[in-house]
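**Student:** Use the sequences and the hints to build the structure in full.
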Amino acid sequence: MADMEHVTTAAGQGAPHRTVGLAGLFDDVNDLAGAARALRDAGFSRWDCHTPYPVHGLDDAMGLRPSPIPVISLIFGFLGFCTAIALTYGLSVWYYPIHIGGKALFSWQAFVPIFFGLFVLFGAVSAFLSMFVLCRLGRWHSPLHDSGVMAEITRDRFAVVVEAADPAYSEAKVRALLEASGCRDTRPLIEHGEEDDAFI
Amino acid sequence: MSTNEAALRPMDIIEGDMDAGRLDDDVFRPMESFPTGRWMTAMAFAGGLATLFPICAGYTIWRGIGVWGINAPVGWGWAIVNFVFWVGIGHAGTLISAILFLFRQKWRTGIARFAEAMTIFAVFCALQFPLLHTGRPWLAMFWLVPYPNDQGIYQNFRSPLEWDVFAVSTYGLVSFMFWYTGLIPDLATARDRARHPFRKFVYGLMSLGWQGSNRAWRHYEKAYLMFAGLSTPLVLSVHSVVSTDFAVSVIPGWHTTIFPPYFVAGAIFSGFAMVATLIIILRRMFNLYHLITDNHLELMNKVMIATSMMVGYAYAVEFFMAWYGGIAYERFVFINRAAGPYAWAYWTMVICNVVVPQLFWFKKVRRTVWMIYPIVLLVNVGMWFERFVIVVTSLHRDYLPSSWGHYAPTWVDIGLFAGSFGTFLTFMLLFCRFLPTVSTTEMKAILPNAHPAHGASHG
Numbered sequence: 001m002a003d004m005e006h007v008t009t010a011a012g013q014g015a016p017h018r019t020v021g022l023a024g025l026f027d028d029v030n031d032l033a034g035a036a037r038a039l040r041d042a043g044f045s046r047w048d049c050h051t052p053y054p055v056h057g058l059d060d061a062m063g064l065r066p067s068p069i070p071v072i073s074l075i076f077g078f079l080g081f082c083t084a085i086a087l088t089y090g091l092s093v094w095y096y097p098i099h100i101g102g103k104a105l106f107s108w109q110a111f112v113p114i115f116f117g118l119f120v121l122f123g124a125v126s127a128f129l130s131m132f133v134l135c136r137l138g139r140w141h142s143p144l145h146d147s148g149v150m151a152e153i154t155r156d157r158f159a160v161v162v163e164a165a166d167p168a169y170s171e172a173k174v175r176a177l178l179e180a181s182g183c184r185d186t187r188p189l190i191e192h193g194e195e196d197d198a199f200i
Numbered sequence: 201m202s203t204n205e206a207a208l209r210p211m212d213i214i215e216g217d218m219d220a221g222r223l224d225d226d227v228f229r230p231m232e233s234f235p236t237g238r239w240m241t242a243m244a245f246a247g248g249l250a251t252l253f254p255i256c257a258g259y260t261i262w263r264g265i266g267v268w269g270i271n272a273p274v275g276w277g278w279a280i281v282n283f284v285f286w287v288g289i290g291h292a293g294t295l296i297s298a299i300l301f302l303f304r305q306k307w308r309t310g311i312a313r314f315a316e317a318m319t320i321f322a323v324f325c326a327l328q329f330p331l332l333h334t335g336r337p338w339l340a341m342f343w344l345v346p347y348p349n350d351q352g353i354y355q356n357f358r359s360p361l362e363w364d365v366f367a368v369s370t371y372g373l374v375s376f377m378f379w380y381t382g383l384i385p386d387l388a389t390a391r392d393r394a395r396h397p398f399r400k401f402v403y404g405l406m407s408l409g410w411q412g413s414n415r416a417w418r419h420y421e422k423a424y425l426m427f428a429g430l431s432t433p434l435v436l437s438v439h440s441v442v443s444t445d446f447a448v449s450v451i452p453g454w455h456t457t458i459f460p461p462y463f464v465a466g467a468i469f470s471g472f473a474m475v476a477t478l479i480i481i482l483r484r485m486f487n488l489y490h491l492i493t494d495n496h497l498e499l500m501n502k503v504m505i506a507t508s509m510m511v512g513y514a515y516a517v518e519f520f521m522a523w524y525g526g527i528a529y530e531r532f533v534f535i536n537r538a539a540g541p542y543a544w545a546y547w548t549m550v551i552c553n554v555v556v557p558q559l560f561w562f563k564k565v566r567r568t569v570w571m572i573y574p575i576v577l578l579v580n581v582g583m584w585f586e587r588f589v590i591v592v593t594s595l596h597r598d599y600l601p602s603s604w605g606h607y608a609p610t611w612v613d614i615g616l617f618a619g620s621f622g623t624f625l626t627f628m629l630l631f632c633r634f635l636p637t638v639s640t641t642e643m644k645a646i647l648p649n650a651h652p653a654h655g656a657s658h659g
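Just so you know, the sequences run in chain order D and U.
According to this note's numbering, the residues represented by the first sequence are 1 to 200, in order.
According to this note's numbering, the residues represented by the second sequence are 201 to 659, in order.
Any given hint might turn out to be false.
[Said to hold, decoys possible] For the chain U half of the interface with chain D, some residues (derived, Cβ under 8 Å), not all of them:
#, residue
1, Pro346
2, Trp410
3, Tyr420
Bear in mind the hints are in silico, worked out from the structure with no lab data behind them.
Ideal Cβ positions, reconstructed from N, Cα and C, are used throughout, including at glycine.
**Tutor:** What follows is the structure, encoded as structure tokens:
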């Protein structure tokens, strides 16, 4: 919930717009990591770093827990394996048993490619879908785009973004903290219209 | 850290002074500028060739698969040859993107995106052939996916062709997800660079609202690692399964235990040859010499000579086992291959796949484009002939001389194959025009000073 104190009205524009956070732009990745550590230590919770590529060591600097995707993928991979066993066993032993020359009904060796195929299929699809959900993909709108910060991030700059919704947020405090880490370019993030959607 | 990284880097992956912004400019230029004459010419050629596919496929469906050259002893002709060939082409893409990723081979970044795209289009072309071979492709789904027919009978899971359905469709889908996941951050860059609202909208839609947030990167990187980890055994298994289409049969010449590793090595060999064939044109067409360097070509050529030796070894072992196994039929098949009516195909295969690539032992040859090009073209030809030799020479003379026959393709066979090439090239050209051919995100991450010098956890 953004505080009402941040709501201002743009001159010349009908729609109200609110400052929903502050972005600090960095040229140097070391400064970014420094700022991330400072924000982590200052106890902020609703903030993020935005980078053009995955930066090693930033997870630690931000104090993030490891991603659960490998575990999810492994569980679903195992589920796929079990599905394959159920499919082949169920069909060749229970649903439509055919005796050929006294051979075992469940000749599992012949089904190994099916077991493997479904293991990989379930594991990969679950990794893809869980990435989709965890990365919050499929969201088309963000104040980062409106403020023009995104175009610089996807090119070659780094940004630290602190949401106004953070309990510890005060613009002066964040600005001072970012500047102490070597940030010379801070920009307020403006949200147009009435939407009140957390963007991190 | 940056000095360490430079010291560890065996070769220059990017030539010249490069920063993240210039990298974007270079990679996105072909997408943002008007198509060049070279591209238009290539597209006209590829598109023209591609029209052969619907024509010949339509004719096949209209008249039935009797219009192909297949006959009583050779029930599988060019359809299976082309299927195995195209699936094999795809393998280099997954090898580069998955196996080299796990081995932390940074040189893969320049060519991985392109090779992955090649994988997807090659698998697409591959799938057309078994589908057409069913005669009624619109019903094939009910014959292939586990779904009971009106008698309540399911597919036979003991059949290698059913294994193929699982292996190849999983492979196609996983490759696509792998490729698309890699594309998301680059599509976001394309979105932010786009000036025209329509381009911005389309790239925005495709990039799924990607913001480069570190909380997202954390999941993204793990998902990417999972794809690589799952694709690595997959790439080895797919061609092993394809090879068991043959190996579990009783036909002499097919009933060979060396097939799975032999097919996988051959697939990687032909795949790398195709990557080299196309990427040499790509970097010329879009002037990407500094991102796809001679070092890349040399490393690919080294992979090719290794895999060439592996297939050469497999050819030799097949002969050895035919002699050592003491089965008269098996011996006959191999003598027939080297000296029978299809000896020309066999020796084309041996010369193209084993003899010619030996030139890559010379550093000068490995690094000179006009010397590499004829070699990789010949490897493509040789690897197609390898599949032809396996299929046709084994089938045309088996146990009973009374059932011997001969095989020759019809114009429909030739048209379908040429058409599949056209389709593949058309897709590749469209890909080069509308999507980033080099992963700028990954390239940015390997630039000097891309990561914090201290406080990093990976040491």
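**Student:** Work down the list of hints and note, for each, if the structure agrees.
**Tutor:** Now for the hints, and whether the structure bears them out:
no., hint, result
1, Pro346, "holds (6 Å)"
2, Trp410, "holds (7 Å)"
3, Tyr420, "holds (6 Å)"
No hint from the list above goes unmet by this structure.
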